[in-house]
Each structure stands twice: as C-alpha cells, then as structure tokens.
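Visitor: Residue numbers (the numbering used here), protein chains in the order written: chain P, 1 to 197; chain W, 1 to 810.
Hints listed in this document are in silico derivations from the structure and should not be mistaken for laboratory results. Treat the hints loosely; a few may be bogus.
Claimed, not checked - With beta-carbon atoms standing in for the labels, derived distance ranges:
1. W:Glu306 to P:Arg115: 32 to 40 Å
2. P:Ala40 to W:Tyr179: 55 to 63 Å
3. P:Ser145 to W:Glu406: 37 to 45 Å
4. P:Asn122 to W:Gly15: 44 to 52 Å
5. P:Thr162 to W:His678: 26 to 34 Å
6. W:Lys587 to P:Glu54: 43 to 51 Å
7. P:Ser145 to W:Ser272: 27 to 35 Å
8. W:His678 to P:Ser145: 51 to 59 Å
9. P:Lys191 to W:Ser783: 51 to 59 Å
10. W:Thr242 to P:Ser142: 35 to 43 Å
Unchecked claim - Okay, derived cross-link-like pairs now, SDA-like style, lysine to any residue, Cα gap no bigger than 20 Å in a straight line:
11. P:Lys190 to W:Arg429
12. W:Lys17 to P:Ile28
13. W:Lys355 to W:Leu343
To be verified - Covered, in the sense of this in silico footprint (three residues per stretch, anywhere, with C-beta under 8 Å from a C-beta of chain W), are these stretches of chain P:
14. 109 to 116
15. 173 to 186
Predicted model, so just to flag it, every value in this text is computed and none were measured. Glycine included, C-beta positions come from ideal geometry on N, C-alpha and C.
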Amino acid sequence: MIRFKINDKEVKARKGWTILETAREYNIKIPTLCFHEAVAPSGACRLCMVEIVEGNWSKTVASCIYPAQEGINVYTETDKIRNIRRWIFEMLLASSPASSEIAAMAKKYGVTSTRFEIKDPNETCILCGLCARVCEEVVGLSAISIVDRGVLKKIGAPFMATTDVCVACGCCITVCPTSKMESIFDNVRKKNISTVY
Amino acid sequence: MNKNPKTGVFICKCGQKIELKIDLNIILNKLKEDAEICRSQIIPYPCLKPGIEEIKEAIADNNFNRIVIAGCEERLMLKKFETELKDTPISKKRIKIINIRGHVASVSDISPELKAIKSVKLIKSAVADINSLKPITRDSANVEGRVMILGEGAALYSAAAELLSNGHKCILSDFTDNYDKAFENIGKKYPGDRDQDKFIENTIKRIKDDPNAEIITEGKIKNIFGITGGYGIAVENFAKGTNKIYPVSAIIVCLDGDLQAASPECKEKSGSVISMDKIEKHINENGALNKKIVFLINDHEMEQPEFAKLSIKSAWKISKRIRESYHNSQATILFNHKIPIPLTPAERKLSRELKISWLPYSDITPPILQQGYIVYCDPKTNIEKDISYDWTVLSPKRDIGPKSAETIRLINSSYIKGELIFSADPKVRPEMIGCKETYVAGSAFYPCDLSRALTQGRQAASKVSDMLKESALKHLKIPDVISFIDPEKCVACGLCEQLCENGSISVSQAEGGALTRIIDPMRCSGGGTCAASCPYNAITLQNNTCERQERGIEVLASQMEADQVIALTCAWAGTPAADNAGKKEIKYDHRAHIIPVTCAGQLDPSIFAKAFLSGAPGLIIIGCDPNACHHSYGIDHAWSRVNAIKKLFTISGIDRRRIALAHTDIKRAENFAVIIDHFVQTIEKLEPIPKTASIKAKLNCIYDMIKYNSLIRHMIAASLRLPYEQAYRGDHTQVLDYDKDLTKALREEFLKTRIKYFLKTEKTVFTLDDLVKLLDAEKRDISKSLTELLEETVIECEYKKREPLFFIKA
Chain P
1 MIRFKINDKE VKARKGWTIL ETAREYNIKI PTLCFHEAVA PSGACRLCMV
51 EIVEGNWSKT VASCIYPAQE GINVYTETDK IRNIRRWIFE MLLASSPASS
101 EIAAMAKKYG VTSTRFEIKD PNETCILCGL CARVCEEVVG LSAISIVDRG
151 VLKKIGAPFM ATTDVCVACG CCITVCPTSK MESIFDNVRK KNISTVY
Chain W
1 MNKNPKTGVF ICKCGQKIEL KIDLNIILNK LKEDAEICRS QIIPYPCLKP
51 GIEEIKEAIA DNNFNRIVIA GCEERLMLKK FETELKDTPI SKKRIKIINI
101 RGHVASVSDI SPELKAIKSV KLIKSAVADI NSLKPITRDS ANVEGRVMIL
151 GEGAALYSAA AELLSNGHKC ILSDFTDNYD KAFENIGKKY PGDRDQDKFI
201 ENTIKRIKDD PNAEIITEGK IKNIFGITGG YGIAVENFAK GTNKIYPVSA
251 IIVCLDGDLQ AASPECKEKS GSVISMDKIE KHINENGALN KKIVFLINDH
301 EMEQPEFAKL SIKSAWKISK RIRESYHNSQ ATILFNHKIP IPLTPAERKL
351 SRELKISWLP YSDITPPILQ QGYIVYCDPK TNIEKDISYD WTVLSPKRDI
401 GPKSAETIRL INSSYIKGEL IFSADPKVRP EMIGCKETYV AGSAFYPCDL
451 SRALTQGRQA ASKVSDMLKE SALKHLKIPD VISFIDPEKC VACGLCEQLC
501 ENGSISVSQA EGGALTRIID PMRCSGGGTC AASCPYNAIT LQNNTCERQE
551 RGIEVLASQM EADQVIALTC AWAGTPAADN AGKKEIKYDH RAHIIPVTCA
601 GQLDPSIFAK AFLSGAPGLI IIGCDPNACH HSYGIDHAWS RVNAIKKLFT
651 ISGIDRRRIA LAHTDIKRAE NFAVIIDHFV QTIEKLEPIP KTASIKAKLN
701 CIYDMIKYNS LIRHMIAASL RLPYEQAYRG DHTQVLDYDK DLTKALREEF
751 LKTRIKYFLK TEKTVFTLDD LVKLLDAEKR DISKSLTELL EETVIECEYK
801 KREPLFFIKA
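Only chain P is shown next, with the shape it has when bound in the complex (with noise of 0.2 Å):
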C-alpha cells in the first residue's frame, strides 16, 4: 500500500497505479483530453499536469502517466498548474481552432482566446493519437497512425488513401476528443465490402 498526498487529501494506492488513477479513485478532478481507459496512458496533451512538492521545491508531471509514490504531496490546483493548463489551452485553440468541444473546454477552465499564430482556421485534430491507439491496442489493426513528422504531423491512413486494412468499426470516431475523426472517416474506410485482389 503507498499512501501519499493529493491536495492535502490522504490518498491510498496500490503499486501499479497512476496519481490520476488514484485521483479518480477518489473523487479529486484532472482535466484529461488525451487519456481514455481503454488504451495504455501515453502522456501526450499535458493536460493532466499536477505539481508534486517535496520540501521547498516542486516538479510538474502528467499524472496519467506517473507512477503513485510513497509520501509524496501531490496538488492539481496551484498556480503553476493553472498557468500551464491556460497555456496548453491556448495552444490548443491556436493549432485547432475550428473544435467546438476544445472552445468549450477551454472556456470552463477560463481561455477564450489565443495568441499564438493560427495557421488553419478549419482544423479541428488536436494530434492526441488516440485514435490510432485506439486502431492498433483495441482493434488491433493499426489502419490508421500519425503520419509525417513535426509541425506537417497528421492523422491518416497510409498515402491518405482509403484502406482495406479499415474494418470501419468506428472505434476512432467514439473516442475523438473533437469531431475531426467524424470529418476524415471517410478518407480511411472503403465503403464496398467486396475487394479485388
């Protein structure tokens, strides 16, 4: 049993579990975009972060990420934190500004503008891959991944042409964080069932 701190809050995790798990566990709030249960955590919207303190000074991690340990006093609400999440927001609606649902989520946490550079103003994807994690560790086919690299990164099927390797359960839809999966499905499945070899 690893007992540790979570806003002052005694918290009791077994070995294994995440701070955010734990948190769950008990009741405290993590905004989380790029985390869903059925896939492995992979850290990538840094929209969990946390501020561990020990003694007088302090680390920020992503709590889906990192292990609970002993002793440890965990805080999801400092000043730090807020300021990173109002940040990450604004990143966020600088590089997808077409989301509703990232606007509206911004909006809760108190970001309604950005002041980064937007370069597409109809882009919704907010690049968490958990579409194509969810293709590969759910499905089990991969037909979809991040592809490119960089600031040219996007989400497709191989040669963003319509796949055969789609089985087009619409798995990746479901677990979108925005609508953009929604808007490219049909860039990924084939829509007749019969194939030529």
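Let chain P serve as the given structure and place chain W on it in line with the hints.
Guide: Chain W alone, transformed into the frame defined by chain P:
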C-alpha cells in the same frame, strides 16, 4: 468449472458522468431482488486499475463465473477487461458490458430515478443473456501437411518456389515440366512478358527435382471438400473408376485471365490486323523488316478500361523487342489519352532511344480502322489525323476461361463477377476471423502483369507458410464466436453453403448420399446468417447462440410498458451510432431500449417473435446501409426475416408497423435519434396489443412456426440474397409471384400451427365446427389443414356418431 452461472454486476460511476444522471442506489436496490444476480456493487471507475482490482477481489470472494459491467461502450472496453481478467475464472466471452452512460444517462432528460429503472431493465436483460451462455472454449487450430497449389496460373511457379524454400511439401495440379509448353502458356496469358523467363526455368527445374513437390499427372479434379487443415482433393481415377483422395492442409489458387482475340469485326484475312497474343508468333514466322507496326490500345472501346494499363505495358514490351531486333521497323503505340503511361523514367529514356512513338488519341470519337490507315482524333487540337500501318495489333479481350471457372466452382470461396474473380472480404475485427485471406493469385483476380502475378503467388505462399509455422507452435487461434453444424441434424440441403460469404462451409466428404456440411473454423467470421436461416436448426452460433439472444430479449420485453420499444442495433452501424449519440449528448426518446447485437443478419426470426410474445409493443432493428454490411448482406437477410414477421402479423391481426428495419451509419448519430423518435411515435399512436388469450396464442404460434417450421424457414432462406448477387432476390421480375406464394404458404402453415397449438393446449377432442368457431377461420381452410395434419400424423381423429373428432397425437 462450475456450470451454474454466478453473476456479478458492477455499476460504473464514471466520475460523475453516470452518477449525476442516474440514481445508482435505486439500481442497486432493485438488483438485490433479482435471483439471477449474485451481487451487485458500485465502483467509481471499473476500467481503471483501482476498479479492476476491486472487480478481481469481488470475483475471488464470490466465485463469480460471469460478470456484467454497466458502464460505457462495450466495443471499446471489452478487450481491456478480457486482458486484465485473463487469470480469473472470468475467461473470454463471460464479460458483458452495457452502455448505460451512452444509451441511458446522456440521451434523455428524464429524472435520475426513471433512468435508474431503465438501466435496471437493461442490466437484467444482459444478466439473463450471459447466464444462458454455454461457454465453449477451443484449442488452437491444427494445420499441418501438404499444400495444394491449384490452377494453372503463372503464380504457381513463385508459390511453389516459396513453399519449397520454406521446407513445406506441396502438390501441383496443372504443372508441365516441358519448358516450351510452359513458356507458350505464359506467353498466351501475358503477351510480351519475358522478364521472368530465367526464374520460371529455374523453378520448373526445381519442382521437377525436389522430392517435396508432388505433381498430379493424371485424372481430373472432381471435388474439393473439408476445411483448413483438413482438405481433401478428390481426383478422378480413370483406371479404377474411383476417386483418389489427396489430403492437403491448405490450398493456394493460381489462375490467370484468358486472352481472346479482339472483336471479330476487326479480323482481316490478310493478317494485317492481329491480336496482341498472336503478334509474337506472327513476327517469328514472317519477320518484321521495314514494317510499320501500330499497337492500338482499344480497351476503352471494348469496355474493359481496367485492363488498358496492362495492354499498354504489353505493347511497350513487345515493341521494345521488335525495335531491338529489327532496326528498320517502326513501332507506334496509339492509346487513349486518359491512360497514364505506366513507364518508369528509365523506361521512358529507353523508349526515346528506341524511337518508339507514343500517340494519344482523344476518345470523343473512337479510332477507326481503315485499310492501311487508322483515323484517330488528336486530343490537343481535336483534328482527325491518319496513321498508316502494315500491321495493327489490337488489345485482347480478357475474361475468365472455362477452366478457371471450373476451378472457382470447386473452391467455393470465390465468385465470378464480370471479367474478374472476386472473394468476399468480411470487414470484421482481426480476432473475429481465423484467417481472413483467401489464398489466391494471378490475373484472374486482379488485372496485373506477370511479375505482379508472381509476387502475389509468393505472398500467398508465404502467408500459408506462416500459418503452418504458427500451427506448429500452437499459436493458431480459432475465434470465440463461430458457427457449428450439428451433423446429426444437418440434412445436407446446402443452403448455408450458398449463403456463406466467406466460403467457409463445404461438404464434409468427397461423395456419398447425404453430404452433410462442415464449417471451417478458420474462415468463419461469426456473421451467423447461416444459423439464422437453417431450416432444421442444425447450425448454432457458438458462444452467441440464438437461445442466448432470445433469453436476453425475453427478459427485457417482459419489463416493457405499452409505449416502450426495443431497438436491436448492429455492431457496425447501429451500436456505434447509438454510442456516438450518447457521446454527443443527442437527445432521443427515452422509451427506446437498446440491445447491441453483432450483425442484424444473425438474428433468427424467432428472436423477433420472442420479443412480441414476451410483451414488447415494438421492435426496431437498426443495421447498416445494405451496401455497407460488414458480413456481405446480413442486413438484407434481416429484411427478409422481418418481412416474414410482418406478414404473420397481418395474418393474425396485429399491426405490422410494430416491427421495423432501419439503416444508419457510424457517422450519422443524429439520424439514429431520428429513427428512434419516429419509431416510438409510431408505436405510441397504436392501440396496445390486447392481452387476450387469442392474441397470446397467436403470438405463441408465430414463434413456434418461425422457429421450428422447416418449410417456412426453407422458403425464407431460399429467397435470401447470396454473397455475389448485386440486387435483392426480391428485386427481380417474379417478386410478386414469390411474395404471393410465401404469403399463401405462411397463411396455410399458420393455420395448421394454430390448430396444433389449440389441440395441444386444450387437451380435449373437437369437431370441425368447434374449431371453425373457436379459431375464427373459414371452414374450408380448416378442413384442408386438418387433412394435411392427419396425413402428417400430427393429429388423430376418431368418429363418434359419424362425426369426426380431432385430437392431438399423444
């Protein structure tokens, strides 16, 4: 393992997503009264590590052997629970997840108490469903032994080479060790393709010498039977008049498209207009000195544009050879300007060096063949121009030769559509099917050149080789849900074999009287339409049986109120649409209760009948669009079954609008809400089904008949759309005739069922007049039915005062 079900229910709070909207304590209290449930408990997040540990402890403490989790999407979460609970008695298929978050909590505005009551209904139904599961666990599949390479396609060389290199044994059916003959055969199918000569020569030598390769030299293949790992090839043995059986483990089919001479109107006696497959022979005989040769790529004009690229490649290869060997000749390729030239940069350079001219023509008017000239339209200027020729080479007409068609008939997993052979490709998750690929190769399946055909052969062989290796390591898994044919009940009617989209059903032996069918567990995708259509109930969908589904729907239907409906949603359209509607919080009528199923096509009509018998006022089946069904035409099959129920409703005086079929798509969550709203409103307007004994008896008869009457089940099954058919069977000209016959048969059989049911329940004797009065039917119809029932010796009659008295046979 304990056979009696001990089921635990875990209710998810999902943070506050469920807790705030549904009164979980009501659920807990209501479930306590249910005898089928051992224990139920609320967990904040059953899907996270703390929750899973809690579930594990509960399983260990209470000896659960089945669990139901009321939380979110089954299609997303099931795999995680299966992996996490692997080491507990809750093995695969003993977990059921129902989506109360997406199907109850977020989709309506009713109070948390009412939502709790709705959730309880769904949970009880899920528990009843999983409690009637008879789990069947299987070992890994066993595939070992020789591999058959069937057909005479060029891919056989690469397939054989690959198998032999991997140390497997193979049998070849159409193999010639004569080099000239082999090259002639290939030349006929792939004109101009000589790049692979060396490889083919080496392979022929290798096959001849290798003891692992056996060649069937005499006799015609008469039949192929059995399943993956245990096929039998029956070869007609002329000498003894019997069949010789070759046992093989897997089959690779290599077939090439046949090339026919181009359209007959272009034939000219002088031989100046020839087909592509003849040109090489022609040049060898006549030489090509100072000749102007024009290749006219007229595939578009012959209405086979998919082959244009191939023809153009062959033309390029032949003209290259001509220009290399006859320097004074001229070669021109006249092609439709829409075809992109399929040459690599190096080939383009070579083409320029060899001075082969490429002339595009516009297809606003087709090129016209004249004596010595071809008139064509220049696409740039739209001016008609002439080009002179000594010889014109036309594209060949491509199709499937009679021999290939015969082979396809034998293997049963592919079908012919136009000029190509197709194999159905069920779009299901990898764990749902053992081996998805049909091992086929060659230009009869895909318009391709020789090197591509050889690659396909090699790929097919390497996949088979992988399968054999995996089997040796016992890694070859059989899916959990597959169909199984009871050989005792099978009457060998062969309907299922026709209906199966995967070609997984075949005869179990080479010859004999009743050739009972057998299902290939490696090829079955668990679509289950075979089970739902078997007239004799010989097929069961293991681990997802009709009984299980019936039980689930029975429990839900028995809790329905007069304006509530059940929606059966298919896993590929209805359920995802419902899940997404839940995620987007799209509101729809709360009176709809959703039961997810795998495919609408696996629903036996008895499930529909059961729902109404148990008290459901309305039932809607929400599946895919007909052209998007993941199991070929499962949704069309559901249509035929729903149709039969509708007819029976009309016959028995129940409103036929109570059952409906709807189509949706993963992306159309809004449409899902519209479907539900409309259907609930329809049901709401109807008068409730009267709870009289006569209606109850009629519903009972509908159930009995649709489940056990082989005649009716046969009639429905025979009308179902087959995997290769483009249109509904009911779409052809005799649609009304068929419908009339079906209605008549339903009417007659229904009356017979009613008489039987009546005599059985009343347990006394009746005169004809009694029956006419009690069953409210025409005297003539009843007496006819009675005669038939007497002939079938289902009922008996005895005479008293010269009047016949009927009673059921003990």
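Visitor: Would you mind marking each hint as holding or not holding in the structure?
Guide: Results for each hint:
1. Hint check: glutamate 306 of chain W to arginine 115 of chain P, Cβ distance near 54 Å, so the stated range 32 to 40 Å is violated.
2. The hinted window of 55 to 63 Å between alanine 40 of chain P and tyrosine 179 of chain W holds, with their beta carbons roughly 57 Å apart.
3. In this structure the hint that serine 145 of chain P and glutamate 406 of chain W lie 37 to 45 Å apart at CB holds, the actual value being about 43 Å.
4. Checked against the hint of 44 to 52 Å, the C-beta distance between asparagine 122 of chain P and glycine 15 of chain W comes to roughly 32 Å, which is inconsistent with it.
5. Here the CB-CB span from threonine 162 of chain P to histidine 678 of chain W is close to 32 Å, well matched to the stated 26 to 34 Å.
6. Distance hint check: the CB atoms of lysine 587 of chain W and glutamate 54 of chain P are about 48 Å apart, consistent with the given range 43 to 51 Å.
7. Range check, serine 145 of chain P to serine 272 of chain W: about 56 Å between beta-carbon atoms, so the 27 to 35 Å window is missed.
8. For histidine 678 of chain W and serine 145 of chain P, the Cβ-Cβ distance of about 39 Å falls outside the hinted range of 51 to 59 Å, so the restraint is violated.
9. Hint check: lysine 191 of chain P to serine 783 of chain W, Cβ distance near 54 Å, so the stated range 51 to 59 Å holds.
10. Taken as a hint, the range 35 to 43 Å is violated for the pair threonine 242 of chain W and serine 142 of chain P, whose Cβ atoms sit roughly 51 Å apart.
11. With a CA separation close to 15 Å, the supplied pair lysine 190 of chain P and arginine 429 of chain W stays within the 20 Å bound.
12. Between the alpha carbons of lysine 17 of chain W and isoleucine 28 of chain P the distance comes to roughly 14 Å, so the proposed pair stays at or under 20 Å and holds.
13. For a cut-off of 20 Å, the pair hint linking lysine 355 of chain W to leucine 343 of chain W stands: about 15 Å separates their Cα positions.
14. Residues of the stretch 109 to 116 of chain P with a Cβ under 8 Å from some Cβ of chain W number 0, which does not satisfy the need for three, so the listed coverage is violated.
15. Counting residues of the stretch 173 to 186 of chain P whose CB lies closer than 8 Å to any CB of chain W gives 6, so the stated coverage by that chain holds, three being the minimum.
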